[in-house]
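**Student:** So you can see what is in the structure, the chains are spelled out below.
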Amino acid sequence: MDSLFLANLSSPPLLFFFLGAAAAFLRSDLEIPTQIAKFLSLYLLFAIGFKGGVALAESSLDATVWQGLLAAVALSVVIPLLVFFLLSRRLPAADAAAVAATYGSVSAVTFVTCTAYLDTSNIAWSGHLVAAMALMESPAIIVGILLYRLKIAERAKAAEAAKGPEAVLGAGAGNSYDSDGISWRELLRESCLNGSVFLIVGSMIIGAVTGSRGMAQIHGFVGELFIGMLCLFLLDMGIVAARRLQELGSNSRRTDAPLPLVRLMIYAIVLPIGNAVLAGTLALLLNLPEGDALLLTILGASASYIAVPAALRLALPEASPSIYLPMSLAITFPFNLLVGIPLYHQVLRWALST
Amino acid sequence: MDSLFLANLSSPPLLFFFLGAAAAFLRSDLEIPTQIAKFLSLYLLFAIGFKGGVALAESSLDATVWQGLLAAVALSVVIPLLVFFLLSRRLPAADAAAVAATYGSVSAVTFVTCTAYLDTSNIAWSGHLVAAMALMESPAIIVGILLYRLKIAERAKAAEAAKGPEAVLGAGAGNSYDSDGISWRELLRESCLNGSVFLIVGSMIIGAVTGSRGMAQIHGFVGELFIGMLCLFLLDMGIVAARRLQELGSNSRRTDAPLPLVRLMIYAIVLPIGNAVLAGTLALLLNLPEGDALLLTILGASASYIAVPAALRLALPEASPSIYLPMSLAITFPFNLLVGIPLYHQVLRWALST
Amino acid sequence: MDSLFLANLSSPPLLFFFLGAAAAFLRSDLEIPTQIAKFLSLYLLFAIGFKGGVALAESSLDATVWQGLLAAVALSVVIPLLVFFLLSRRLPAADAAAVAATYGSVSAVTFVTCTAYLDTSNIAWSGHLVAAMALMESPAIIVGILLYRLKIAERAKAAEAAKGPEAVLGAGAGNSYDSDGISWRELLRESCLNGSVFLIVGSMIIGAVTGSRGMAQIHGFVGELFIGMLCLFLLDMGIVAARRLQELGSNSRRTDAPLPLVRLMIYAIVLPIGNAVLAGTLALLLNLPEGDALLLTILGASASYIAVPAALRLALPEASPSIYLPMSLAITFPFNLLVGIPLYHQVLRWALST
Amino acid sequence: MKACKRVEIVIEEALSGRMAGRLDELGAPGYTLIPRASGRGDRGLRRGDDPTGTLTNCVFIIACDDDETVQRIVDGVRTLLSRSGGICLVSDALWVRH
Amino acid sequence: MKACKRVEIVIEEALSGRMAGRLDELGAPGYTLIPRASGRGDRGLRRGDDPTGTLTNCVFIIACDDDETVQRIVDGVRTLLSRSGGICLVSDALWVRH
Amino acid sequence: MKACKRVEIVIEEALSGRMAGRLDELGAPGYTLIPRASGRGDRGLRRGDDPTGTLTNCVFIIACDDDETVQRIVDGVRTLLSRSGGICLVSDALWVRH
Ligand SMILES: Nc1ncnc2c1ncn2[C@@H]1O[C@H](COP(=O)(O)O)[C@@H](O)[C@H]1O
Ligand SMILES: Nc1ncnc2c1ncn2[C@@H]1O[C@H](COP(=O)(O)O)[C@@H](O)[C@H]1O
Ligand SMILES: Nc1ncnc2c1ncn2[C@@H]1O[C@H](COP(=O)(O)O)[C@@H](O)[C@H]1O
Ligand code: NA
Ligand code: NA
Ligand code: NA
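Protein chains in written order, with this note's numbering: chain Y, 1 to 354; chain R, 355 to 708; chain X, 709 to 1062; chain D, 1063 to 1160; chain W, 1161 to 1258; chain F, 1259 to 1356.
Bear in mind the hints are in silico, worked out from the structure with no lab data behind them.
Note that beta-carbon positions come from the ideal geometry of N, C-alpha and C, so glycine has one too.
Keep in mind that a hint or two might mislead.
[As the list claims (entries may be wrong)] Which residues of chain Y face chain D? A few of them, derived with a C-beta cut under 7 Å, are:
(1) Val-73
(2) Val-77
(3) Pro-309
(4) Glu-318
(5) Pro-321
[As the list claims (entries may be wrong)] Taking lysine-lysine pairs in the BS3-like style, the calculated list, with each CA pair at most 30 Å apart, reads:
(6) Lys-1162(W) x Lys-1260(F)
(7) Lys-1064(D) x Lys-1162(W)
(8) Lys-1064(D) x Lys-1260(F)
Using the sequences plus the hints, can you model the full thing?
**Tutor:** This is how it looks when you write it as structure tokens:
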């Protein structure tokens, strides 16, 4: 077991993540300019999408592929349901729905880091897992919003039944949402046409269309640079995650925080583990090979901190980003990177060998 | 004929252009940060300039080279004249002059995409065409401004002759240009020392000076990355071009638009085809080989949307960027990329084989 | 001797520096966006740090290494002392201290350019010189600030002795520094945890930890791209340095300039040469091999224009950046790049061969 | 020069598109948008450093010489701000007509 | 604190160099320039997204305590704006002397 | 809407962190920070082009409805500005409460 952990911890990308975190904790002024960070993340989506598409073109589109994709979508629908029912009593409905959407969706960088981990360990994985990742972003957002709406409607009905017309006005504040904010068309657009989702899906299609001929043309770009660019991006993520963690500490001293720090941290570690168990079990049931099983597991375990927050600020602005963002970015993300990947791998290995 | 079109349309750079356009039309929030787009365009100018310079250093500077360069300069002087005389009755003088300058000049990215097209098709081309491209930027701007001035002066004279002193005051508004704006020195600076022109010429000279020794040092940068960076840049251009096209649609509903949308679109397709015929004929007369002939044709057919607009905003601020910019960027640019390159290629092949 | 100069001057990075300077002098609007410039500099620090670390991992950590590191630190303490005593009569104490810190510290890009120069000339150099560079940034800043404080305290005492209580109030303005500004903890943080220092040290440690295994993963990034990225960065530095030089010219006409332009320029050339002599002598005494000796010399001769100015604006805001910044950036930096490297190399060769 | 109101709105960048659309609907004669600001307020620090744009602000400046429109803008903007945070300041200015 | 005028100018970024030069000529005591703004006005949307800088704005802020200079700035700036578009606002402020 | 003061500070970007900390200490209710400005003043041109951030400015905007706090901010900010340069403007505004 130790060797997996150590190998993971001593890979350059992970070490650069630590370096970034150290910079933030020591209050160094090291900083990656925001447009550069955006560029690095666009590059990673572009490259992983293209590589996945090329791999997809070379594989036969048989039952395994469809099963894998279906499993992924199922996960991204089921996980938010579970998370919402776990949290909706402990948090305001909007926040619970936002956390549900966050954990039902995926973190592309965690996925990418996991593929780099597999490549370094010489374990094969299939290109269609990239498609699986892309498919998991949107349903989770939609489910999250739906859950919130149902809850609000249910409350409004309960209030109406119990207390008469005035209360409805209060519940109406929740509904002013409709008039004020987002239509279903907008919601679909924001969840399915989110920039990150769009780029990865688009690159995957282009990769699949142009195949190895296309790869030959841009291999120097998407291949050779990949780990280096990932290092730089994780350096930035380390800085940002550590800052959020620090702010979490100082904010938690405020008495009006909706969720005490310790509980928030516990959730942010328990949720990925629970989701990993779910996804891993599914992977085993589907007889996925080692690499694919680990990737599906990490898709389940990871939580979005780019695509979903961006979409949620539009679709659910009443949810406080100071809950779902630090949970996924400052705790779950590093947890998966440092502990999760080798841990899930170890467990899957053990399960596969028995 | 079809095979050329299909091969062109299924190359990664073109597909990423489509992807960007799709993102804009579907209103995805996919976006390349502006400084990154600037970086990508600087990279492309740097790389194509350097490669052209190295190729130039390896070729013998014989008559063919000088002929090619002269032909390019001639085109960039003649095209604006033709365009201006075609448009000056249909558009205000300033706008006609701006469109003339735009189409007399060239689009570096169209050129670069065409070299990538040739490389993929294994057709040779000569480095001095890069020099030709660089030479074509400035004259067109200068000719455009000159034409505008002549027109203004002519009108002033006509007004003076016909209606007496008051009218001159009106014409003087055009001349307030001088007192207010730009001197000839500034104009020369802005047309010849424009950032894009400067970088490509500079890189070309450095490439020519350091030759294959220099190339060995930076081949990993300008060679291997080239197509990948071009893909990302065209992704951005797709987004921007599609946005301009959309705005064109919505603006055209305004009654005060100087040029109805349909006419503007027709011009933006007729002009490149006409200029391609001109440039292609010249290439055939000069007996240029296939690759060079196609490049000279595309130089004639393409219209500037970076260097010239930047210079025109300074030298001719009364010209409305909402005419010349969408014409070149939103219509002519994609037209040349998608249809023009393979079309001109097909025709040239046919002409060369007869 | 000529051949070294010519080879240096005809390397692509240097030529791009000239190109940038030409752009600024001719007032071209060529510009590298600031975040891109930051990215290029982060990349260079990342790459040189990583490469140095890998080299360090492969070398044996023997006495030579420790001697080299000690020599570097000694230089970064002694140089500011000398510079301060030279300048403190001619300049206000704050400015003299700032210049001292600037020249005691190093320019990472000069160092990087020198390693590229050595690589092109096929001269070996040791990875621990990167560590030496990183170690030299901080002490110089601290020594500079200390010198300033001592001077202020000394003056205050002198004033007290000579003129009585009122004068102390005046000196107190210098001490308001304490109450207003920076604590020793902050100073340490700003000098040792400066972003540039942090990134280079961190990358070096990661390079040393992951060794050739890590290098295999990111070689395409830190290796192949290096010279190309250096070219682009030097293009930007050329622009910036030339602009500073121009402003220096126009500012010097103001009568209240604390240092006449000519004197400032003389210092900015005499100081690097003097420091080079000091560092070179030390290198010879330590019997360093040719490449390492040149690198130690250039470390001595170069002056910081990124890390130190950033730290000084915080620790010593009363020092005018319009003295130390143009000195190091606009004069010493190009001087070392163009003349210094081959000159010091020539002299060292001559000394080593005798 | 003509008297007008200068309205200044700080809102998180993720909502800038929605705010621009709202301003159009409300009949604002125009606006200027400064992107990529950071800040601190009741909802804590927004460092402008994260890749989501959630913790980044932007600044809208609107010059408007019609008092009714100003009132409409202020009212219309208030609901957006109350859900997402941010500030809105109104001050007097002179608009130089050109 | 000293009474002064705060002049604020929005103009397209391509013309920022010319505007800065103009301000120098007109005797402005200084200025601050915020780059890369976007906006909407009579000449349509400027998204700040194109590689030319033609569809990008920038904001100048000038504090000036001399009324004559303010008038000169306003007049001198007007011609530039009328040819290229943009706005100019003038308001009262107090300048904290340090 | 509530009367308030709008404080606007231009300072070099390298000092933005210190200024933000100072504002927190002085009890500012919040602030907005626009980075990466350039400018010209008594200390010459700051082009915003150098890799150090030394020659780059940033703009702080503070809305404050408490006059005492405004005074404290103005006083507290003055010392920082006098050592490093920059300007501070105070003007009247209405704060739209949401
Ligand atoms: N008093 C204030 N002055 C200036 N800007 C403010 C102020 N309060 C809030 N802001 C800005 O509005 C954003 C959101 O504020 P809030 O909703 O209070 O967290 C902050 O990040 C600041 O950029
Ligand atoms: N009413 C307004 N309020 C704020 N900014 C404006 C206004 N009108 C125009 N602008 C700005 O000035 C630029 C040019 O305006 P225009 O010349 O009217 O198209 C626009 O892109 C906006 O950034
Ligand atoms: N009169 C002014 N109006 C607007 N901004 C100014 C003015 N004076 C100075 N500044 C800004 O403050 C910075 C520092 O000013 P100074 O300390 O005077 O050099 C300049 O770079 C400008 O950005
Ligand atoms: Na998940
Ligand atoms: Na052309
Ligand atoms: Na030194």
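**Student:** Given the hint that Lys-1162(W) pairs with Lys-1260(F), test it: the Cα-Cα distance must not exceed 30 Å.
**Tutor:** holds, 24 Å
**Student:** For a C-alpha distance cap of 30 Å, please report whether Lys-1064(D) and Lys-1260(F) respect it.
**Tutor:** At roughly 24 Å apart (the allowed maximum being 30 Å), Lys-1260(F) and Lys-1064(D) satisfy the hint.
**Student:** With 7 Å as the cut and Cβ atoms as the points, is Pro-321(Y) at the interface with chain D?
**Tutor:** holds, 5 Å
**Student:** Would you mind confirming whether the straight-line C-alpha gap from Lys-1064(D) to Lys-1162(W) stays at or under 30 Å?
**Tutor:** Within the cut-off at roughly 24 Å; holds.
**Student:** Classify the hint on Pro-309(Y) as holds or violated, based on whether any CB of chain D lies nearer than 7 Å to its CB.
**Tutor:** holds, 4 Å
**Student:** May I ask you to test the interface hint for Val-73(Y) with respect to chain D, counting a Cβ-Cβ separation under 7 Å as satisfied?
**Tutor:** Result: violated, 24 Å to nearest chain D Cβ.
**Student:** Tell me if the interface restraint on Glu-318(Y) is satisfied: Cβ within less than 7 Å of some Cβ in chain D.
**Tutor:** holds, 6 Å
**Student:** Restraint: Val-77(Y) near chain D, CB-CB cut 7 Å. Satisfied or not?
**Tutor:** Given a least distance of 23 Å, the restraint on Val-77(Y) is violated.
Going down the numbered hints, you'll see the structure goes against 1 and 2, while the others check out.
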